[in-house]
Amino acid sequence: MDKDTSAAVPRRDGSATAGLRDHRYPAGTFAGLIGTPFVTAPTRAALTARLAKPAVTAPRFLDAGEFALLGAVCDRLLDQDGERRIDVPGAIDARLASGETDGWRYDELPDDGSAMKRGLAGFDETARAMAGRGFLELPLDDRDRVIEAVQGGHPAGRAWAALPAKRFFEDLLAAATEAYYAHPLAQEEIGYVGYADARGWQQIELGQREAREPEPVGAAL
Amino acid sequence: MSRIPYSPSEEVDAVVVGTGAGGSPLLARLAAAGLSVVALEAGRVLDPVRDFARDEEAQGFLFWNDERLSAGDDPVAFGRNNSGTGVGGSTLHYTAYTVRAQPADLRLKTDFGVAEDWPFDYEALAPYYDEVEATIGVSGPSPYPWGPARTPYPLKPLPLNGAAQLMQRGCEALGIRTSPAANAALSGSYATDGTHFRPACHNCGFCQAGCATGAKGSADVTWLPLAVAAGAEIRPECYVTGFERDGTGRITAVVYRTPRGDERQRCRAVFLCAGAIETPRLLLLNGLANGSGQVGRNFMAHTGIQVWGQFDDFVRPFKGIPGGLISEDTHRPADADFAGGYLLQSIGVMPVTYASQVARGRKLWGPQLRAHMRGYNNTAGINILGDCLPYGHNYMELSDELDARGLPKPRVHFTMGENERRMTEHADRLMQRIWEAAGARDIWSFPRNAHIIGTARMGADADGSVVDPDGKAHDVPNLYISDNSTWPSALGANPALTIMALSLRTADRFLANRGA
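The listed protein sequences correspond, in order, to chains A and L. Counting from 1, one number per residue, gives the positions in the first sequence under this note's numbering. Counting from 1, one number per residue, gives the positions in the second sequence under this note's numbering.
Keep in mind that the hints are not guaranteed to be accurate.
Straight-line C-alpha distance at most 25 Å; calculated SDA-like pairs for lysine to any residue [to be verified]:
id, chain 1, residue 1, chain 2, residue 2
1, A, Lys53, L, Gly60
2, A, Lys117, A, Ser98
3, A, Lys166, L, Ile443
4, A, Lys166, L, Glu401
5, L, Lys156, A, Gly207
6, A, Lys117, A, Thr101
7, A, Lys166, L, Ala71
8, A, Lys117, L, Glu401
9, A, Lys166, L, Ala371
10, L, Lys109, L, Asp461
11, L, Lys156, A, Leu206
12, A, Lys166, L, Gly417
13, A, Lys117, A, Arg60
14, L, Lys156, L, Gln102
15, A, Lys53, A, Gly113
16, A, Lys117, L, Arg411
17, A, Lys53, L, Thr353
18, A, Lys117, L, Asn65
Treat the hints as calculated values from the structure; they're not laboratory data.
Given these sequences and hints, build the entire structure.
Listed below in structure tokens is the structure:
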């Protein structure tokens with residue numbers, strides 16, 4: 001979507017989350033709906049394939065070290081850990097390997113692939129400058145401090161002299177976020193079932209819900 | 001009667017480059033007049049039932065994804081923000097929001113002393129607006145609350161979704177008039193002579209990912225079937241790269257790349273309808289029609305700031321026509337400190353699009369991003385569609401960087417002027433108040449600039465414009481341009497309807513001149 005140029009809104013601003021409708025939705029909604037006539041054939045094919053895709057272990061564009069670093073950064077950006085991660089770095093690597101673009105880029109950034117390689121090198125340089133070790137060797141809190149420095153636009157490290165950190169980070173965060181929320185299980189987490197629209201929607205007004213739409217099962221844990 | 005397919009060596013009456021909002025209405029018009037016409041479309045033929053998944057990521061093929069370089073202080077997003085491909089062009093992904101321009105939009109210079117007036121007035125467009133609305137099937141309120149008296153819409157308005165109801169609530173509290181918006185999606189089943197029966201919109205909300213039912217008035221289910229029925233040939237996967245000309249400067253053939261190799265189509269006239277980046281790019285690549293030096297100049301992008309909020313009520317913002325409610329009370333605000341004005345529209349949103357904007361605009365990540373997104377079903381937005389003035393500092397040029405086809409990538413410079421900043425601030429304040437009055441929490445603004453306009457200005461003066469008021473190039477006797485490149489000013493209205501109306505007018509002017 002639009003790459004934003006406004007002043008930064010502080011991520012750690014406590015007011016940012018005040019009043020959030022932070023619901024917890026039931027698991028299993030996607031599995032229950034995907035095989036029904038509420039889902040068209042091309043939709044079912046696309047989503048089933050995405051769900052079944054094994055996590056990338058051998059990257060095609062990045063080298064192994066870069067890919068591990070990208071994975072560690074994406075884990076923090078999407079707050080993922082454990083075994084059942086949505087494969088965000090794999091999706092990003094696949095995109096870069098394909099050479100496909102989203103139709104534009106900031107003129108002040110190099111091509112997507114070069115930007116990614118330089119930016120990942122930059123994360124490591126900033127980590128060493130801030131904490132004396134590479135990003136992957138840092139505890140999670142320190143990783144977050146490095147990410148905040150990059151997002152802030154003035155991180156330490158030579159790589160950033162040739163790569164505007166703020167723009168690079170914005171593109172990286174958007175790519176990671178899009179890869180995450182395109183996944184059926186991420187959509188299930190936010191209570192989205194818009195893919196089950198083969199018969200359209202009749203209950204579209206405020207507060208209305210059709211039987212196949214999930215209700216929250218409580219506040220987020 | 002059909003003589004298609006035409007042979008590339010046969011001299012056809014006209015070649016139309018692009019099958020979107022600019023190319024497809026005139027293709028239908030010229031074919032109906034009995035002309036031999038061939039449309040060259042860079043994209044593929046798409047089958048909505050077979051090809052269109054109800055999924056944002058899977059539908060990425062609808063967008064023009066050749067890379068463009070965005071420069072300036074307010075770089076404009078392309079790709080899915082405003083640029084399409086496929087037989088039907090950008091109408092495949094437009095949200096079907098089909099508001100008319102108002103008469104004052106065409107005379108900013110007269111009224112405010114800025115920008116340029118259009119070389120004709122609203123009355124020249126009005127009958128074409130009527131015709132477009134009837135052909136594509138626009139659902140809207142009658143009478144319409146703003147602008148001059150007009151013929152009734154062919155269909156009653158679409159039902160309001162949650163975001164529309166919330167905007168209604170907020171505006172009512174502030175004394176702002178609202179109305180169901182005009183949208184080219186059918187509130188009832190519809191057919192016209194020459195188009196197939198089309199079913200009513202079933203509120204899936206996926207307009208921007210391509211309509212799978214034919215309820216949306218995209219070119220592939222309206223103008224293009226009409227054109228084909230009248231004998232036009234549509235040639236997909238033909239990417240135009242150049243033109244052959246004779247000693248007098250007339251274009252004699254259009255050169256294009258296909259999966260089969262390079263081809264050329266001989267022709268008597270050319271209509272360039274490739275949009276406000278690819279049209280000037282083709283002209284610059286070929287050194288064509290640029291005696292004025294104006295090709296690529298005056299690039300404009302509508303002000304389009306969005307304000308989002310989360311509500312106690314469940315909105316489930318993926319349902320229903322995305323832009324359900326409109327207000328044009330802000331067309332010329334009494335307290336404006338800027339020229340021109342804007343309209344307000346409620347907006348629903350799909351989850352990946354919203355998440356991406358939260359990432360870019362709110363800059364949230366980690367647990368805060370995930371928590372914010374768990375409020376997706378309670379989210380609704382309002383945005384504006386506002387005028388934009390032409391400036392010398394906003395332009396499109398060819399860069400030194402080559403794309404996958406070996407052609408220079410376009411670089412587009414865009415920096416909002418004082419007028420756009422003031423308008424955006426005015427709108428931001430107002431929309432925040434509307435959302436507060438409607439009960440929103442966690443309100444936030446996402447500044448953005450939308451549609452691409454300008455770059456091959458229309459005008460009577462050959463020194464200051466690229467095409468004349470009929471759309472004909474000043475410098476090339478048989479070249480016409482029909483898309484939003486020719487607009488002298490941006491208009492405070494979503495562009496598709498006006499592009500289509502102007503396309504019909506351009507065709508009629510061509511036919512009249514031809515007969516003369």
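Taking the hints in turn, this is what the structure says about them:
At most 25 Å may separate the alpha-carbon atoms for a hinted pair to count; Lys53/A and Gly60/L meet this at roughly 19 Å. Distance check on the hinted pair: Lys117/A and Ser98/A sit about 16 Å apart at the alpha-carbon level, within 25 Å; holds. Under the criterion of a C-alpha separation no larger than 25 Å, the hint pairing Lys166/A with Ile443/L is consistent with the structure, at around 24 Å. Between Lys166/A and Glu401/L the CA atoms are separated by roughly 23 Å; this keeps the pair inside 25 Å, and the hint holds.
For the given pair, Lys156/L sits about 24 Å from Gly207/A by alpha-carbon distance, which is consistent with the 25 Å threshold. Simply put, Lys117/A and Thr101/A have alpha-carbon atoms about 16 Å apart, close enough for the 25 Å limit, and the pair holds. Proximity of Lys166/A to Ala71/L is assessed by CA-CA distance (about 15 Å); at most 25 Å being required, the pair is judged to hold. Of the pairs offered as hints, the one joining Lys117/A and Glu401/L holds, with about 20 Å between alpha carbons and a cut-off of 25 Å not exceeded.
Distance check on the hinted pair: Lys166/A and Ala371/L sit about 23 Å apart at the alpha-carbon level, within 25 Å; holds. At roughly 16 Å between alpha-carbon atoms, Lys109/L and Asp461/L fall within 25 Å of each other, so this suggested pair holds. Restraint check for Lys156/L and Leu206/A: the C-alpha separation of about 21 Å stays at or below 25 Å, so the hint holds. Between Lys166/A and Gly417/L the alpha-carbon distance is near 23 Å, which keeps this suggested pair within the 25 Å criterion.
For the hint linking Lys117/A to Arg60/A, the alpha-carbon distance of about 13 Å falls within 25 Å, and the restraint holds. Between Lys156/L and Gln102/L the CA atoms are separated by roughly 21 Å; this keeps the pair inside 25 Å, and the hint holds. Taking the CA atoms of Lys53/A and Gly113/A, the gap is near 23 Å; set against the 25 Å cutoff, the hint holds. Using a Cα cut-off of 25 Å, the hinted pair Lys117/A and Arg411/L holds, with the two alpha carbons roughly 23 Å apart.
Annotation: proposed proximity of Lys53/A to Thr353/L holds, straight-line Cα distance about 22 Å (limit 25 Å). Restraint check for Lys117/A and Asn65/L: satisfied, since their Cα atoms lie roughly 22 Å apart, inside the 25 Å limit.
Hint compliance for this structure: no hint is broken.
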